[in-house]
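Protein chains: 6
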Amino acid sequence: MAKEAVRAVFPGRFQPPHYGHLKAILWALERVEELVIVVGSAQESHTLTNPFTAGERILMIRAMLEDEGVDPRRIYIIPVRDIAMNAVWVRYLQMLIPPVDAVVSRNPLVLRLFKEAGYKLLVPPAYEREAYVATRIRKLMLQGNGWLDLVPPGVARIVREIGGVERLREIAEKD
Amino acid sequence: MAKEAVRAVFPGRFQPPHYGHLKAILWALERVEELVIVVGSAQESHTLTNPFTAGERILMIRAMLEDEGVDPRRIYIIPVRDIAMNAVWVRYLQMLIPPVDAVVSRNPLVLRLFKEAGYKLLVPPAYEREAYVATRIRKLMLQGNGWLDLVPPGVARIVREIGGVERLREIAEKD
Amino acid sequence: MAKEAVRAVFPGRFQPPHYGHLKAILWALERVEELVIVVGSAQESHTLTNPFTAGERILMIRAMLEDEGVDPRRIYIIPVRDIAMNAVWVRYLQMLIPPVDAVVSRNPLVLRLFKEAGYKLLVPPAYEREAYVATRIRKLMLQGNGWLDLVPPGVARIVREIGGVERLREIAEKD
Amino acid sequence: MAKEAVRAVFPGRFQPPHYGHLKAILWALERVEELVIVVGSAQESHTLTNPFTAGERILMIRAMLEDEGVDPRRIYIIPVRDIAMNAVWVRYLQMLIPPVDAVVSRNPLVLRLFKEAGYKLLVPPAYEREAYVATRIRKLMLQGNGWLDLVPPGVARIVREIGGVERLREIAEKD
Amino acid sequence: MAKEAVRAVFPGRFQPPHYGHLKAILWALERVEELVIVVGSAQESHTLTNPFTAGERILMIRAMLEDEGVDPRRIYIIPVRDIAMNAVWVRYLQMLIPPVDAVVSRNPLVLRLFKEAGYKLLVPPAYEREAYVATRIRKLMLQGNGWLDLVPPGVARIVREIGGVERLREIAEKD
Amino acid sequence: MAKEAVRAVFPGRFQPPHYGHLKAILWALERVEELVIVVGSAQESHTLTNPFTAGERILMIRAMLEDEGVDPRRIYIIPVRDIAMNAVWVRYLQMLIPPVDAVVSRNPLVLRLFKEAGYKLLVPPAYEREAYVATRIRKLMLQGNGWLDLVPPGVARIVREIGGVERLREIAEKD
Numbered sequence: 108m109a110k111e112a113v114r115a116v117f118p119g120r121f122q123p124p125h126y127g128h129l130k131a132i133l134w135a136l137e138r139v140e141e142l143v144i145v146v147g148s149a150q151e152s153h154t155l156t157n158p159f160t161a162g163e164r165i166l167m168i169r170a171m172l173e174d175e176g177v178d179p180r181r182i183y184i185i186p187v188r189d190i191a192m193n194a195v196w197v198r199y200l201q202m203l204i205p206p207v208d209a210v211v212s213r214n215p216l217v218l219r220l221f222k223e224a225g226y227k228l229l230v231p232p233a234y235e236r237e238a239y240v241a242t243r244i245r246k247l248m249l250q251g252n253g254w255l256d257l258v259p260p261g262v263a264r265i266v267r268e269i270g271g272v273e274r275l276r277e278i279a280e281k282d
Numbered sequence: 108m109a110k111e112a113v114r115a116v117f118p119g120r121f122q123p124p125h126y127g128h129l130k131a132i133l134w135a136l137e138r139v140e141e142l143v144i145v146v147g148s149a150q151e152s153h154t155l156t157n158p159f160t161a162g163e164r165i166l167m168i169r170a171m172l173e174d175e176g177v178d179p180r181r182i183y184i185i186p187v188r189d190i191a192m193n194a195v196w197v198r199y200l201q202m203l204i205p206p207v208d209a210v211v212s213r214n215p216l217v218l219r220l221f222k223e224a225g226y227k228l229l230v231p232p233a234y235e236r237e238a239y240v241a242t243r244i245r246k247l248m249l250q251g252n253g254w255l256d257l258v259p260p261g262v263a264r265i266v267r268e269i270g271g272v273e274r275l276r277e278i279a280e281k282d
Numbered sequence: 108m109a110k111e112a113v114r115a116v117f118p119g120r121f122q123p124p125h126y127g128h129l130k131a132i133l134w135a136l137e138r139v140e141e142l143v144i145v146v147g148s149a150q151e152s153h154t155l156t157n158p159f160t161a162g163e164r165i166l167m168i169r170a171m172l173e174d175e176g177v178d179p180r181r182i183y184i185i186p187v188r189d190i191a192m193n194a195v196w197v198r199y200l201q202m203l204i205p206p207v208d209a210v211v212s213r214n215p216l217v218l219r220l221f222k223e224a225g226y227k228l229l230v231p232p233a234y235e236r237e238a239y240v241a242t243r244i245r246k247l248m249l250q251g252n253g254w255l256d257l258v259p260p261g262v263a264r265i266v267r268e269i270g271g272v273e274r275l276r277e278i279a280e281k282d
Numbered sequence: 108m109a110k111e112a113v114r115a116v117f118p119g120r121f122q123p124p125h126y127g128h129l130k131a132i133l134w135a136l137e138r139v140e141e142l143v144i145v146v147g148s149a150q151e152s153h154t155l156t157n158p159f160t161a162g163e164r165i166l167m168i169r170a171m172l173e174d175e176g177v178d179p180r181r182i183y184i185i186p187v188r189d190i191a192m193n194a195v196w197v198r199y200l201q202m203l204i205p206p207v208d209a210v211v212s213r214n215p216l217v218l219r220l221f222k223e224a225g226y227k228l229l230v231p232p233a234y235e236r237e238a239y240v241a242t243r244i245r246k247l248m249l250q251g252n253g254w255l256d257l258v259p260p261g262v263a264r265i266v267r268e269i270g271g272v273e274r275l276r277e278i279a280e281k282d
Numbered sequence: 108m109a110k111e112a113v114r115a116v117f118p119g120r121f122q123p124p125h126y127g128h129l130k131a132i133l134w135a136l137e138r139v140e141e142l143v144i145v146v147g148s149a150q151e152s153h154t155l156t157n158p159f160t161a162g163e164r165i166l167m168i169r170a171m172l173e174d175e176g177v178d179p180r181r182i183y184i185i186p187v188r189d190i191a192m193n194a195v196w197v198r199y200l201q202m203l204i205p206p207v208d209a210v211v212s213r214n215p216l217v218l219r220l221f222k223e224a225g226y227k228l229l230v231p232p233a234y235e236r237e238a239y240v241a242t243r244i245r246k247l248m249l250q251g252n253g254w255l256d257l258v259p260p261g262v263a264r265i266v267r268e269i270g271g272v273e274r275l276r277e278i279a280e281k282d
Numbered sequence: 108m109a110k111e112a113v114r115a116v117f118p119g120r121f122q123p124p125h126y127g128h129l130k131a132i133l134w135a136l137e138r139v140e141e142l143v144i145v146v147g148s149a150q151e152s153h154t155l156t157n158p159f160t161a162g163e164r165i166l167m168i169r170a171m172l173e174d175e176g177v178d179p180r181r182i183y184i185i186p187v188r189d190i191a192m193n194a195v196w197v198r199y200l201q202m203l204i205p206p207v208d209a210v211v212s213r214n215p216l217v218l219r220l221f222k223e224a225g226y227k228l229l230v231p232p233a234y235e236r237e238a239y240v241a242t243r244i245r246k247l248m249l250q251g252n253g254w255l256d257l258v259p260p261g262v263a264r265i266v267r268e269i270g271g272v273e274r275l276r277e278i279a280e281k282d
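Residue numbers (my numbering), protein chains in the order written: chain A, 108 to 282; chain B, 108 to 282; chain C, 108 to 282; chain D, 108 to 282; chain E, 108 to 282; chain F, 108 to 282.
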């Protein structure tokens, strides 16, 4: 069956990757041949909203997709630093990633920018958004262990290996 | 048999990837579990020394490794913009890629910087360097077709698909 | 009659230009020979506080001044990206624009920086500020059509041509 | 008679503007409604190859066009700092200038980049290039007065007002 | 008696330096041979949270230490611009300052970053934090003169010489 | 006796500091109360023309001045990253250093930029320039030991401590 697009880009911050991301990726893979996962704000780490480095987030996404049995030949994972010029951002992404003809996103700004640039828009359904939100997961990491059910096992394993929860808690301490 | 390192980084510009790169990668894969191929100077393209975008170079490396049957689960391909601060560069790479404990390179500056940072150095042999040099390949692209024997078939295919030789020749024209 | 200054600079963000800006410009043109209108935060666009690109804002200012019959030979319109170093900003502006000996502004920071740099300060009256404020205009754009009376006809025409209100509303949507 | 394009961009460094630039601009104005003159490398000044600031170059272009009687309502003069990412440059320009549908240039890189981005290319004839070249004019400025015949009177006037030749000679001195 | 470290770095913004800083510095000088005081966010000035330039802050710290009779040969004062990449920041500092083997700080993020980089952590006691906080001092500067008791005499002298309070008040005015 | 200036700035790259620098500093200290030594191109290191980090260069200058018995209270040593905008550079320096009213330099560009900004120019004599030139010293470092007579003992000591000659030679090796 013909795919809706040859290759699509899926931009996110993945702080950390969670089931919402995973479901959107699987949804996209039914519609495109190849998917380019852009790990955005790649320069950010060690803050309450961006605790993990781009390299760590790449490891987490890989582990998550491997658990799921996703064919690695259909996936690119590319870290991208912010450029702080919205009007240029789509073209800047296009420089750093293989050519794509569609974007996978629910983010209004992302959709608007790719629409202006003439790309096809693929909007995945909102999978229990109130649960699978990175903000909530980071909050639970600070408080206790409720976060473990919200991320795939591979992600939890990497968070543990890098001491991610300890890092988040140290940064959150008071001066 | 135990590998010499768990995960190593192999930085290059890959303008374009050629047999010298491929041999170094295969050499490295005998010594490490996983290899992170860093596509450097990712901001550069459309010049005589850097004709291809980072995204195009990623496509070329993928095609080259797929032809060779390399297991994609052992490979990361990460584009990295220059940072113009040598003393910081290794740490900057480390932010953008999964953790590594070794570098694969013959470049004296790269080796020196990773040595100062305490990494293990893996120096591949010099495979007929006079032949497999990107500078020479780009020169041949401008002149005729002698370059086709110097790059793996997958690379040649992508160069053709993106009109790479035509781009190089247009840029080389006189004002 | 002698002017108060040969050439003055009038910095703003113009998101979008409105009657407050227009009145300040006309006030200034009675006092200086030439006016350099600096379109600041030129790198910003596609956000709720900075919806329009620098190029679009230049078009709007031109249309506004043409409607008013302002002599284009007395006006320069120059987009300037932020530099994020207040102590350097005046000198940075001076690099990008023709020499000026005065600034036209009501902004306390702008006035302070130009005072420290030895420029003449021209402070226009506050024209019904509660009405003519870009923040309020953007809010009205999101809600309905009350904004049309707050901007000159030329500005409204460009906003319509570029689909400005539609853009603002799309960006404001919920994820 | 229908124009070939509604609005075109003409990028250059204009160090300084000369008769070659003027002829290209007049040629373009017969073919387009409006022309956006981009003063490139706007961050450069006080070097042997880039002696003048962007602001000074804007003054020179204005003076040159005013002498020639060009209608200022058909012209935009916009300084643009380099961005050092060729693949992004056209989109970056488009952010800072009013929308254009064509480029006016003889520069192979400029033509290639705009071609890839889908713009119309307008290539002006080469007007006695050996004479009207900024490199040669700057060399003559260092040596004597032969440069005066190579730039329009308005440009010469601004160079004199800002002490441009004296600046160039001071910078060229030996340590 | 052996010191706990040969040379330590003490990063801060020093907007302005106050008795809390001074006490931490004196505490550190009992434990290390030499102290590198990093004046962070060196690009910031003329805002309500960062009123003073890096150069002014250096003058204030010098005056404060001179009043106290600190041996200048044991002190380095180095301004450092932000780099906006936490994972790289420690290495970036290390490029700009003499080699150190410890950090002096109570800031959780600073401590975490230096811990990850393998440095020794020296955490000074919290000296009446509610009193000696730069935020409170800047607030008092805006309101009246209560701030004078919270900074050493040398700091107060420099603030007066540069008209620091007047600057803060002008910036705080309403548009 | 009255000094010619209260405080002057002396910018250089100091790769490495040598007797020419030392003599210029001593010459300046007879004419000004305080001297701000700016270690320029602070982002550069590990190249043939810029082998040492800013932090290492600061150590060298300190050692050189301590050997000479220079009063440290009269000296500031400030590393400064390049800004790549000549027209802004003087103001950028002024942000990062204590206020100065003069510059000490023989560099034509430096003198021109400070002259345009209204500073007093102090031009030290050319001390056996053919001998004391950093380019020649780095060349001798690569070849043998002739460089030791060209730098003060304190500089030689730091070069030895950091393995500076070994670094230079490693970087100079062929790929």
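Rather than coming from a laboratory, the hints here were simulated on the basis of the structure. Hints should not be assumed to be uniformly reliable.
In this list, chains with the same sequence are indistinguishable; a pair is considered to hold if it fits within one copy or across any two.
Pairs of lysine-lysine residues, derived as BS3-like cross-links and limited to a Cα-Cα distance of at most 30 Å, are as follows [what the hints assert, rightly or not]: (1) K281 <-> K246; (2) K246 <-> K222; (3) K246 <-> K130; (4) K110 <-> K246; (5) K222 <-> K130; (6) K110 <-> K227.
At most 30 Å between alpha carbons: which applies to K110 and K227, within, between, both or neither? within (12 Å within a copy, 33 Å between copies)
Between copies, within a copy, both or neither: which fits K246 and K130 at Cα up to 30 Å? Within. Shortest intra-copy distance 22 Å satisfies the 30 Å Cα cut-off; inter-copy 35 Å does not.
At most 30 Å between alpha carbons: which applies to K281 and K246, within, between, both or neither? both (16 Å within a copy, 21 Å between copies)
Is it within, between, both, or neither for K110 and K246, if the alpha carbons may be no more than 30 Å apart? neither (38 Å within a copy, 39 Å between copies)
Homo-oligomer pair classification [K222, K246; C-alpha up to 30 Å]: Classified as between: cross-chain Cα gap 23 Å, same-chain 33 Å, threshold 30 Å.
Give the relationship of K222 and K130 under a CA distance limit of 30 Å: within one copy only, between copies only, both, or neither. within (23 Å within a copy, 37 Å between copies)
Taken one by one, the earlier hints fail for this structure only at number 4.
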